[in-house]
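Chains A and B, in that order, are what the protein sequence lines are.
For the first sequence, the numbering used here begins at 1 and goes up steadily by one.
For the second sequence, the numbering used here begins at 1 and goes up steadily by one.
FYI, nobody ran anything at the bench for these hints, they're computed from the structure.
The reader is advised that the hints may include incorrect statements.
What the hints assert, rightly or not - Example chain B residues on the side facing chain A (calculated, C-beta under 7 Å, incomplete):
1) V38
2) G53
3) S80
Computed from a predicted structure; not experimentally measured.
In this text, a Cβ means the ideal position worked out from N, Cα and C, and glycines have one as well.
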Amino acid sequence: MPRARTQRQDALFYGLLTLTAIGFVAEIFLVFFKVPTEARMGIVQKIFYFHVPNAYAFYIGAVACFIGSVAYLVRPTDARDAFARAGASASVTFGAVVLTTGPLWGAKAWGTLWTWDPRLTTMLLSFLIYLAYIVLRAFAGDGAGERRFAAALGVLGAANLPIIHFSVQKWGGQHPTVITGSGGGLQHPDMKIALGLGFLLFTLLAVLLIWVVARVELGRNRLRRAEEDAIDVGLDRRTEA
Amino acid sequence: MSDPTQPNAAPPSPDSRSTTFQPVTGEAEHYSGEGLLVSAYALIWVILLAWVGLVWRKQSALDARLDDLEREIEKADAASARS
Numbered sequence: 001m002p003r004a005r006t007q008r009q010d011a012l013f014y015g016l017l018t019l020t021a022i023g024f025v026a027e028i029f030l031v032f033f034k035v036p037t038e039a040r041m042g043i044v045q046k047i048f049y050f051h052v053p054n055a056y057a058f059y060i061g062a063v064a065c066f067i068g069s070v071a072y073l074v075r076p077t078d079a080r081d082a083f084a085r086a087g088a089s090a091s092v093t094f095g096a097v098v099l100t101t102g103p104l105w106g107a108k109a110w111g112t113l114w115t116w117d118p119r120l121t122t123m124l125l126s127f128l129i130y131l132a133y134i135v136l137r138a139f140a141g142d143g144a145g146e147r148r149f150a151a152a153l154g155v156l157g158a159a160n161l162p163i164i165h166f167s168v169q170k171w172g173g174q175h176p177t178v179i180t181g182s183g184g185g186l187q188h189p190d191m192k193i194a195l196g197l198g199f200l201l202f203t204l205l206a207v208l209l210i211w212v213v214a215r216v217e218l219g220r221n222r223l224r225r226a227e228e229d230a231i232d233v234g235l236d237r238r239t240e241a
Numbered sequence: 001m002s003d004p005t006q007p008n009a010a011p012p013s014p015d016s017r018s019t020t021f022q023p024v025t026g027e028a029e030h031y032s033g034e035g036l037l038v039s040a041y042a043l044i045w046v047i048l049l050a051w052v053g054l055v056w057r058k059q060s061a062l063d064a065r066l067d068d069l070e071r072e073i074e075k076a077d078a079a080s081a082r083s
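Isolated chain B (complex conformation):
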């Protein structure tokens, strides 16, 4: 089978595609499994805390709308007291 990493290699045909996945034998793994595991754990925490930040941001927007609503109610209350 032709080597697709070679500059003059012919483009891969549908017949040359992978049909099986073979484990690497006789050499070290390319990525440390431990490093990936720890990175995954760290990422989970960062995502969780980012979510907490998003909840805070949404609440800020909600508070701003509540401020507006309370102002409108005060205005309406004052108007009804005058009339």
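Isolated chain A (complex conformation):
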């Protein structure tokens, strides 16, 4: 890669990373010191400002995996495969946080860590699909067939996303529906600011994580090709000698 382009990429990455770090510190102080405590649930409601943006970041990862997978099936390239794989990794990371913070809230609000509510169940199912994607890529090799199979899984996984989103409206259940198309149920301006900032920060974090993982995957592919080329030109024999 040209040096000037690498430097621009580095500057952009470190800039976004610094901005995200500062934003997270501000968000935490905002949530705990500025945003009023919710009247019925108390301080446990503050999990909401991290739980919901995390779920949103899970969708970003899943959509990235979907786009990368479709693009790979149309025309297979290393970059498209790396993008899909990075999206799945981000989904698993954010999904794990959603499935941890949700039960923590549920323990206080519902009196139980887990219930087979439609949204919880569909979210768990989707998380398991992306976990299966990651496990498949880690243990089933990196040939063209495995990549195509993983891409099909990446497309299939996205089919579950609208089901998670609309499960509350469609099948009811206990999961709250505070954020709606008509403006949402947050009754204080600071609550809206904290949630808005949370969405922005988790978007940045999702972009950064997808970027980092995709770059690592691309580096791995380059290394594999370099090893193959080295064997072709006999460099491995020279190294052994």
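Please build the complex by placing chain B on the supplied structure of chain A, with the hints as guidance.
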């Protein structure tokens, strides 16, 4: 027991060391527990993001080494094509 904060206090002997920790009673705590908790959370995020930055930096170094390796392979390939 002598007060070690006083300027003329004798240096503490092994016998005068603390053997118990007593909670403060009747006055406010010196540090806000809420502030410490929030600072801890903020620090966790900063450390996590610093780690992401380190991964990026390591990958940059790895990419530079890969560039060198690919150049060497190209050179070797060209040399073997000439001979």
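Restraint satisfaction for V38/B [CB to CB of chain A, less than 7 Å]: holds, 5 Å
Interface hint for G53/B, Cβ within 7 Å of any Cβ on chain A: For G53/B, the interface hint holds, since the closest Cβ of chain A sits about 5 Å away, which is under 7 Å.
Per-residue hint verdict: S80/B, partner chain A, C-beta under 7 Å: Given a least distance of 5 Å, the restraint on S80/B holds.
The structure shown violates none of the earlier numbered hints.
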